[in-house]
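Colleague: Sequence:
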Amino acid sequence: MKKLIILSLIACFSTLQLQAQVKPEKTENNMKRDIPKISDFPTGEENTGFAQYFTGKSYLAPLTSNKGLNVPLANVTFEPGCRNNWHSHTGGQLLIVIGGEGLYQERGKPARHLKAGDIVEIGPNVEHWHGATANSWFSHLATNGSPASNENKWLEAVSDEDYQVANNQILNESTKNGNIN
0 MKKLIILSLI ACFSTLQLQA QVKPEKTENN MKRDIPKISD FPTGEENTGF AQYFTGKSYL
60 APLTSNKGLN VPLANVTFEP GCRNNWHSHT GGQLLIVIGG EGLYQERGKP ARHLKAGDIV
120 EIGPNVEHWH GATANSWFSH LATNGSPASN ENKWLEAVSD EDYQVANNQI LNESTKNGNI
180 N
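Counting in numbering that gives the first Met the number 0, the sequence shown runs from 0 upward without gaps.
Any given hint could turn out to be false.
As the list claims (entries may be wrong) - In the DSSO-like style, the derived pairs of lysine-lysine whose C-alpha atoms are separated by at most 27 Å in a straight line are:
id, residue 1, residue 2
1, K36, K152
2, K108, K152
3, K175, K152
4, K114, K56
5, K108, K66
6, K56, K108
7, K175, K114
8, K66, K175
9, K36, K108
10, K152, K56
Hints listed in this document are in silico derivations from the structure and should not be mistaken for laboratory results.
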């Protein structure tokens, strides 16, 4: 009986040890599960084509494919802390916030706190940046005016200091208004 108990314990220990050593492989699909669902729109793929113009990771999901329609629309999702560089669009841009919390700032103006349902109308050649707050994922739909001739002019990265000031500004506004999450 003693031998049977010892053999059973050895078998259990061996099984537990094997299970502890077998970790799920971290595939792209598993990593995507780490992105919270903050809207009903697809998150898309990591935005590697424009990564040089972003601090942090963003994801891009084109939502329209008919170029003849002349209304390109995409969902852009930012991880917490991610923002794009200062930039402008020769034909302007429209952002529709669909999830999370974000920031939008035009050069020389205070940052704006963005939440689902907010719409940002960006005039032609207005230098600006947008992205997630430090503690929240953020998604917006984006479309550009005059898409056939609209060009992006990418500028310098938003400094960590300026980004922190923008985050502190919206945190102070939330505290002042009693909206602490």
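Colleague: A separate judgement is required for each hint: does it hold in the structure or not?
Modeller: For each hint, the structure was consulted:
1. K36 <-> K152: Between K36 and K152 the Cα gap is close to 31 Å, so the pair fails against 27 Å, i.e. violated.
2. K108 <-> K152: Answer holds: K108 to K152 is near 19 Å, not above 27 Å.
3. K175 <-> K152: Violated - the C-alpha atoms of K152 and K175 are around 36 Å apart, more than 27 Å.
4. K114 <-> K56: Measuring from Cα to Cα gives roughly 19 Å; hence the hint holds.
5. K108 <-> K66: 35 Å, violated
6. K56 <-> K108: 25 Å, holds
7. K175 <-> K114: At roughly 18 Å apart (the allowed maximum being 27 Å), K114 and K175 satisfy the hint.
8. K66 <-> K175: 46 Å, violated
9. K36 <-> K108: 31 Å, violated
10. K152 <-> K56: 20 Å, holds
Against the hints set out earlier in the document, violations occur for numbers 1, 3, 5, 8, 9.
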